[in-house]
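K.L.:
Could you slot chains B and C onto chain A? The hints should help.
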Amino acid sequence: MIRRIPSSAAGRSRVVVHDGLVFTVATARDKSQSLRAQTVSALAVLDANLAEAGTSKSKLLSATVYITDMARKPEMNEAWLAWVDQANPPQRACIGVALEGDDLSEIVAVAAL
Amino acid sequence: MIRRIPSSAAGRSRVVVHDGLVFTVATARDKSQSLRAQTVSALAVLDANLAEAGTSKSKLLSATVYITDMARKPEMNEAWLAWVDQANPPQRACIGVALEGDDLSEIVAVAAL
Amino acid sequence: MIRRIPSSAAGRSRVVVHDGLVFTVATARDKSQSLRAQTVSALAVLDANLAEAGTSKSKLLSATVYITDMARKPEMNEAWLAWVDQANPPQRACIGVALEGDDLSEIVAVAAL
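Protein chains in written order, with the working numbering: chain A, 680 to 792; chain B, 680 to 792; chain C, 680 to 792.
Pulled out of the complex, with its shape left as it was, chain A reads as follows (with noise of 0.2 Å):
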């Protein structure tokens, strides 16, 4: 059985629950911020998305960060740092790509249920 959670644009789900992984993304809900509040705002949809598919970061199992700048990283990883669960870190990849508009980071995530 394949659980979905509808994303808020067409043609995709922002969670997709089987057999015990939960696949999800999350970018910032404010596009105007600085990379840095825009990765504490894709972390606090992280932790919603993961709360709707029944499970928490404590469950992580993977993560790729996407970023527009890799200058600013450490903003990035301040960010993260503040928010991961330091006893249940996630595999992760902090990688400099585009993204669309004006998002800054974007978060793929795979966790455990």
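By construction, these hints were calculated from the structure, which means they are not laboratory data. The model shown is predicted, which means the values in this text are computed figures rather than measured ones. Certain hints may be false.
Pairs involving identical chains hold if they fit within one copy or between any two copies, as the list cannot separate such chains.
With a cut-off of at most 16 Å between alpha-carbon atoms, the simulated EDC-like pairs for lysine to aspartate or glutamate come out as follows [to be verified]: (1) 738 <-> 698; (2) 752 <-> 779; (3) 752 <-> 782; (4) 710 <-> 782; (5) 736 <-> 764; (6) 738 <-> 764; (7) 738 <-> 726.
P.N.:
Using the frame of chain A, we list chains B and C on its own:
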């Protein structure tokens, strides 16, 4: 048990199936086409890969769509929306990156079997 | 149950094992080297990570190879082909992105246990 379907390129599989999960990747067959047309083609290749694995787009869990020009994300998205099972969309991220040669669109996906 | 092997960097794991799946990430030890040499080094780190998890490259399911210069993808690919288990290759995507500092190659992988 792990089942692998070889790619035409050495040293990689275009489909890997393990314990109810299918990992696959697709690019356009004709690299001379536009980003939109390449996305349509890559999605058709994805369909074929999923069918060979014994599953289909209605069981997609997660998709990463890599494109080389984020200004053309709307073209990718139109191709996506015409293709995706609207009742069963995966978690999706669209990321602007550099791809090989004339590839303009590449899709990596995880599906349930 | 989730088993985590800490990274040398805070707030993340270099290996996470859950329900028969292994999530791991690797970069080169010596960041002063060429993209080719960094890929060779990252693949050796990947081997070590997989061994610590209790698995090996013959059980790789999916790999994402991030490199900073797609013009040098042939160098990455030569290192890959010399390393990969040709009878058991994973699904692979090679993506051109920005990485941190002097990193030229970073590999994220999912393996079966």
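K.L.:
Against this structure, judge whether each hint is valid.
P.N.:
Verification of the hints:
In this homomeric assembly, residue 738 and residue 698 come within 16 Å of each other (Cα to Cα) both inside a single copy, at 15 Å, and across copies, at 12 Å. For a Cα distance limit of 16 Å, the shortest separation of residue 752 from residue 779 across copies, 8 Å, qualifies, whereas the shortest one inside one copy, 18 Å, does not. Taking identical chains as interchangeable, the C-alpha atoms of residue 752 and residue 782 lie at most 16 Å apart whether they share a chain (15 Å) or sit on different chains (13 Å). Within a single copy, residue 710 and residue 782 get their C-alpha atoms as close as 6 Å, which meets the 16 Å cut-off; across copies the closest is 29 Å, which misses it.
With identical chains, the CA atoms of residue 736 and residue 764 are at most 16 Å apart within one copy only, with a shortest distance of 7 Å there and 29 Å across copies. When the C-alpha separation of residue 738 and residue 764 is checked against a cutoff of 16 Å, the pair qualifies only within one copy, where the shortest distance is 9 Å, while the shortest distance between copies is 29 Å. In the homo-oligomer, the alpha carbons of residue 738 and residue 726 lie at most 16 Å apart inside one protomer (11 Å), although the nearest pairing across protomers, at 25 Å, exceeds that limit.
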